[in-house]
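Q: The residues making up each chain are set out below.
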Amino acid sequence: MPFFGELFVSEILKKPVLDPKGEEIGKLKDLVIVKGEPLPKVSALIIEKKNKIFKLPWTDLNIFNKRIISANVYGETLQPYELNEKDLILVRDILDKQIVDANGAKVVRVNDVKLQGYNSEAVLIAVDVGARGIMRRLGVERGGEDLMKLFKKHLPYNLISWNYIQPLEPKLTKISLTVPRQMVSELHPADIAEIISQVSHKEGASFFKGLDVETAAGALSELQPDVQAAIITGMETEKAADIIEEMPPDEAADVLSDLPMDKAKEILESIEKEEAEDIQELLSHEEDTAGGLMINEFIAYLPETKVKDAIMKFRRDAGEVETVYYIYVIEANEKLIGAVSLRDLLLADPDARLTDIMETKLKTVTPDTDEMEVAEIISKYNLVALPVVDTEGFLLGIVAIDDVIDRILPPAAKRKRRKV
Amino acid sequence: MSFWKKIALFLSVMGPGIITANIDNDASGITTYSVAGARFGYSLLWTLIPTTIALVVIQEMVGRMGVITGKGLSDLIRENYGVKTTFFMMLGLLIANFGNTVANFAGLAASMEILGFTKYIMVPLGAITIWILVTKGSYRVVEFILLYACIIFVGYIISGVMAKPDWNTVVKQTFLPKLQWNSEYIMMSIAIIGTTITPWMQFYLQSSIAEKGITKEHYKASRLDVVIGCSITDIISFFIIVTCGTLLFPYGIRINEASEAALALRPLAGDYASLIFAISLANASLLGAIIVPLATAYYICEAMGWERGVNKTFKDAPQFMWIYTLTIALASLLVLIPGAPLVFLMVLSAVINGLLLPFVLVFAIFLINNKKLMGEFTNSKMYNYIAWGTVVAVICLTISWVVTSIF
Numbered sequence: 001m002p003f004f005g006e007l008f009v010s011e012i013l014k015k016p017v018l019d020p021k022g023e024e025i026g027k028l029k030d031l032v033i034v035k036g037e038p039l040p041k042v043s044a045l046i047i048e049k050k051n052k053i054f055k056l057p058w059t060d061l062n063i064f065n066k067r068i069i070s071a072n073v074y075g076e077t078l079q080p081y082e083l084n085e086k087d088l089i090l091v092r093d094i095l096d097k098q099i100v101d102a103n104g105a106k107v108v109r110v111n112d113v114k115l116q117g118y119n120s121e122a123v124l125i126a127v128d129v130g131a132r133g134i135m136r137r138l139g140v141e142r143g144g145e146d147l148m149k150l151f152k153k154h155l156p157y158n159l160i161s162w163n164y165i166q167p168l169e170p171k172l173t174k175i176s177l178t179v180p181r182q183m184v185s186e187l188h189p190a191d192i193a194e195i196i197s198q199v200s201h202k203e204g205a206s207f208f209k210g211l212d213v214e215t216a217a218g219a220l221s222e223l224q225p226d227v228q229a230a231i232i233t234g235m236e237t238e239k240a241a242d243i244i245e246e247m248p249p250d251e252a253a254d255v256l257s258d259l260p261m262d263k264a265k266e267i268l269e270s271i272e273k274e275e276a277e278d279i280q281e282l283l284s285h286e287e288d289t290a291g292g293l294m295i296n297e298f299i300a301y302l303p304e305t306k307v308k309d310a311i312m313k314f315r316r317d318a319g320e321v322e323t324v325y326y327i328y329v330i331e332a333n334e335k336l337i338g339a340v341s342l343r344d345l346l347l348a349d350p351d352a353r354l355t356d357i358m359e360t361k362l363k364t365v366t367p368d369t370d371e372m373e374v375a376e377i378i379s380k381y382n383l384v385a386l387p388v389v390d391t392e393g394f395l396l397g398i399v400a401i402d403d404v405i406d407r408i409l410p411p412a413a414k415r416k417r418r419k420v
Numbered sequence: 421m422s423f424w425k426k427i428a429l430f431l432s433v434m435g436p437g438i439i440t441a442n443i444d445n446d447a448s449g450i451t452t453y454s455v456a457g458a459r460f461g462y463s464l465l466w467t468l469i470p471t472t473i474a475l476v477v478i479q480e481m482v483g484r485m486g487v488i489t490g491k492g493l494s495d496l497i498r499e500n501y502g503v504k505t506t507f508f509m510m511l512g513l514l515i516a517n518f519g520n521t522v523a524n525f526a527g528l529a530a531s532m533e534i535l536g537f538t539k540y541i542m543v544p545l546g547a548i549t550i551w552i553l554v555t556k557g558s559y560r561v562v563e564f565i566l567l568y569a570c571i572i573f574v575g576y577i578i579s580g581v582m583a584k585p586d587w588n589t590v591v592k593q594t595f596l597p598k599l600q601w602n603s604e605y606i607m608m609s610i611a612i613i614g615t616t617i618t619p620w621m622q623f624y625l626q627s628s629i630a631e632k633g634i635t636k637e638h639y640k641a642s643r644l645d646v647v648i649g650c651s652i653t654d655i656i657s658f659f660i661i662v663t664c665g666t667l668l669f670p671y672g673i674r675i676n677e678a679s680e681a682a683l684a685l686r687p688l689a690g691d692y693a694s695l696i697f698a699i700s701l702a703n704a705s706l707l708g709a710i711i712v713p714l715a716t717a718y719y720i721c722e723a724m725g726w727e728r729g730v731n732k733t734f735k736d737a738p739q740f741m742w743i744y745t746l747t748i749a750l751a752s753l754l755v756l757i758p759g760a761p762l763v764f765l766m767v768l769s770a771v772i773n774g775l776l777l778p779f780v781l782v783f784a785i786f787l788i789n790n791k792k793l794m795g796e797f798t799n800s801k802m803y804n805y806i807a808w809g810t811v812v813a814v815i816c817l818t819i820s821w822v823v824t825s826i827f
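Residue numbers (this note's numbering), protein chains in the order written: chain A, 1 to 420; chain B, 421 to 827.
No lab work stands behind these hints: they were computed from the structure. One or more of the hints may lead you astray.
Said to hold, decoys possible - Simulated pairs of lysine to aspartate or glutamate, DMTMM-like, Cα-Cα distance not exceeding 20 Å:
#	chain 1	residue 1	chain 2	residue 2
1	B	504	A	93
2	B	792	A	87
3	B	504	A	145
4	B	792	A	101
5	A	380	A	359
6	B	735	A	191
7	A	202	B	637
8	A	202	B	796
9	A	49	A	6
10	B	735	A	101
11	B	791	A	82
12	B	640	A	245
13	A	86	A	101
14	B	636	A	101
15	B	792	A	82
16	B	791	A	87
17	B	504	A	141
18	A	265	A	281
19	A	66	A	82
20	B	636	A	11
21	B	636	A	191
22	A	106	B	796
23	A	106	B	736
24	B	732	A	359
Note that the coordinates shown come from a computational prediction; the quantities given were computed from them, not determined experimentally.
Please model the complete structure; the sequences and the hints are all you need to start from.
A: Now the structure itself:
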């Protein structure tokens, strides 16, 4: 059955479907959608007559456009249809639901769906998320346009191409393409967190589960603690452990500290031993102290290291460390004696030793220093990171400026969302 | 689970139910209770018992939907009943809540006049403060203020005790009422139910529970929050009626507004009681003026799929910001214009509220029995009988209230 051109679903709903003699078979109630290449397509029409529901396969259609829908077959030959959860049907499952616009990185509501002819199939080309879609559904699109013309303005179309849509329902995810998956991975983790914080916890969790480990780890650390806990608790331990392992140890520790004891233990046991030890050490500190904020990954070399060797080593080590702007100088027993900024290191004579160029008057804090004091020191001395040492001067970790800022000014998605 | 663990759990989910129920005692609620007490003494106290039961039954269902689906009521209605139904419902809610906001600013104006401030300064000041608090402040501050502002309602309990009522009579009249069969009495008892169970609070409660991210494991604690909230509301109402019933009723003092009650109390009960009454009214009005416009803007944008959020700008979320700002600006302006049709607006708001309520409640019952949404948390058969009974009774009463307020 050839279908050219394009139409909106709201324009054909409740329209009569005719048989070859021009008699009405029933009214169009819904459309069954299946996965297609390159876009999902309509596989059948669902028709309602006298409270009975029938299914009309796409191949039995003769004409399908805004004005006329007619079939090759007669009403008597139609299969009765029972609404079920297995099929994906357009009005019930897509219309009026929330979806993610992966291009604009926000949650929108489907006001209407646009179909287009492609190889004689009707494919889902776009969703309408604008005021025009609402007006069309209310039957006042024309009126709205006339009204806007009075002000010499145009009623804008606000369509999002199906390619850029990331559904929230797991069922819808099955028919969506691989393209949006990649698009979502390219979103900034903060945007993903914002999206998750705007939908219900169920939808948020299902959306999260679809992310790859790396993206998931990034997004998780941007979320509010109770949302983090809810999502991780709802996941299989294996998958949760993979994600936690991907996060920097300080953030991993934050997440684990909000989980129920046994779940946190279970996850820790599935994590690689070295990583787990780092996290465990951080877990022992109070959350609002330097110990709770610090990360125990840093770059530290011995004082006799030559600058050129340090740079070589730095190239190898820096990939796995989050904050790399200072190279700490420690004695063989890990006692902190100085620091070299990355800038000084690069500008120094390659044959100089670290001990010659290092800054020795270091500002340090102990693990139990309050977070506000840490913030004040970082602010006062314009530091990028602040070393945390124990009472004997052994370097335990560093607090990076971004972790402090997150505590004082939490990012939008971490703040309590709306709650009117 | 240990006792302390249970307490900690409750404290973490506490809030939505108690805040919602307390904001329910806004300016129009307090007016109704004051007028009822002054006109009929203690003889209407009994109506609070069925009202509380109805309130608990309805709020529990709405709260349960918030916990299980994690979505707001306007969201669910849009997803299940389409854009047309939702659109007209939201339009009704917008008009009704505009009327509510006007009533709250009028309450603020009247209480400020009693306290000796001119309304021409205090109302604009209040409106601007509210606007800035919500759009520029963080929501955490707002929630904190809201929860603690509820404590001021204790003022009504204090003034009730200070009135030294004869507690024997009060208890007897509450549980063994002498019913009167005149139209004014019946109208008043209907008004008490009508002002206590409103459409907007169903939307408000469900959203705040969904927003708080309460999960089904904590549903029982959340239910307790709702039940406590409903009880507190009606305890406050109880003391307002008792105060006016003790002090004003015996002298045959008739009042039409809550502020008149505060004024009439001065010669009879002294400055303190009058002051407490006026401050509590100001507080209730301010709370209502903060929440009602904010909530309205939220549900409408949620249902229509527009950007929303208090930390958004006019550019990011134009519809949200305009609805919120215009509601506050127009309502406060109307209160200050001499001869503005305030009474007409409030009656209109009451009528629309009354017309909306049946739809909201019936949708709520259909949605809560939807297995796809609620899974095993649908109503039990028994609970459905109770729920339908309550809803049908409330609907009948509200409709007759609407009819009487028109004529």
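Q: All hints are to be evaluated individually against the structure, with a verdict given for each.
A: Going through the hints against the structure:
For a cut-off of 20 Å, the pair hint linking residue 504 (chain B) to residue 93 (chain A) stands: about 17 Å separates their Cα positions. The hinted pair formed by residue 792 (chain B) and residue 87 (chain A) meets the criterion: a straight-line CA distance of about 15 Å does not exceed 20 Å. Of the pairs offered as hints, the one joining residue 504 (chain B) and residue 145 (chain A) holds, with about 19 Å between alpha carbons and a cut-off of 20 Å not exceeded. A C-alpha spacing of about 25 Å is found between residue 792 (chain B) and residue 101 (chain A), which places the hinted pair above 20 Å, so the restraint is violated.
Among the hinted pairs, residue 380 (chain A) with residue 359 (chain A) is consistent with the structure: their alpha-carbon atoms are about 17 Å apart, no more than 20 Å. With a CA separation close to 18 Å, the supplied pair residue 735 (chain B) and residue 191 (chain A) stays within the 20 Å bound. For a cut-off of 20 Å, the pair hint linking residue 202 (chain A) to residue 637 (chain B) stands: about 14 Å separates their Cα positions. At most 20 Å may separate the alpha-carbon atoms for a hinted pair to count; residue 202 (chain A) and residue 796 (chain B) meet this at roughly 16 Å.
With a CA separation close to 26 Å, the supplied pair residue 49 (chain A) and residue 6 (chain A) exceeds the 20 Å bound. Only pairs whose Cα atoms come within 20 Å are accepted, and residue 735 (chain B) paired with residue 101 (chain A) is accepted, the gap being roughly 18 Å. Using a Cα cut-off of 20 Å, the hinted pair residue 791 (chain B) and residue 82 (chain A) holds, with the two alpha carbons roughly 17 Å apart. Annotation: proposed proximity of residue 640 (chain B) to residue 245 (chain A) is violated, straight-line Cα distance about 35 Å (limit 20 Å).
At most 20 Å may separate the alpha-carbon atoms for a hinted pair to count; residue 86 (chain A) and residue 101 (chain A) exceed this at roughly 25 Å. Between residue 636 (chain B) and residue 101 (chain A) the alpha-carbon distance is near 29 Å, which puts this suggested pair outside the 20 Å criterion. Of the pairs offered as hints, the one joining residue 792 (chain B) and residue 82 (chain A) holds, with about 16 Å between alpha carbons and a cut-off of 20 Å not exceeded. A threshold of 20 Å between alpha carbons decides the hint, and for residue 791 (chain B) with residue 87 (chain A) the separation of about 17 Å falls inside it, so the pair holds.
For the given pair, residue 504 (chain B) sits about 13 Å from residue 141 (chain A) by alpha-carbon distance, which is consistent with the 20 Å threshold. At roughly 14 Å between alpha-carbon atoms, residue 265 (chain A) and residue 281 (chain A) fall within 20 Å of each other, so this suggested pair holds. A threshold of 20 Å between alpha carbons decides the hint, and for residue 66 (chain A) with residue 82 (chain A) the separation of about 26 Å lies outside it, so the pair is violated. Taking the CA atoms of residue 636 (chain B) and residue 11 (chain A), the gap is near 40 Å; set against the 20 Å cutoff, the hint is violated.
Note on residue 636 (chain B) and residue 191 (chain A): the hinted pairing is violated, with a Cα-Cα distance of about 27 Å set against a maximum of 20 Å. Distance hint between residue 106 (chain A) and residue 796 (chain B) is unfulfilled; the C-alpha atoms sit about 32 Å from each other, more than 20 Å. Under the criterion of a C-alpha separation no larger than 20 Å, the hint pairing residue 106 (chain A) with residue 736 (chain B) is consistent with the structure, at around 11 Å. With a C-alpha separation of about 45 Å, the suggested pairing of residue 732 (chain B) with residue 359 (chain A) is violated against the 20 Å cut-off.
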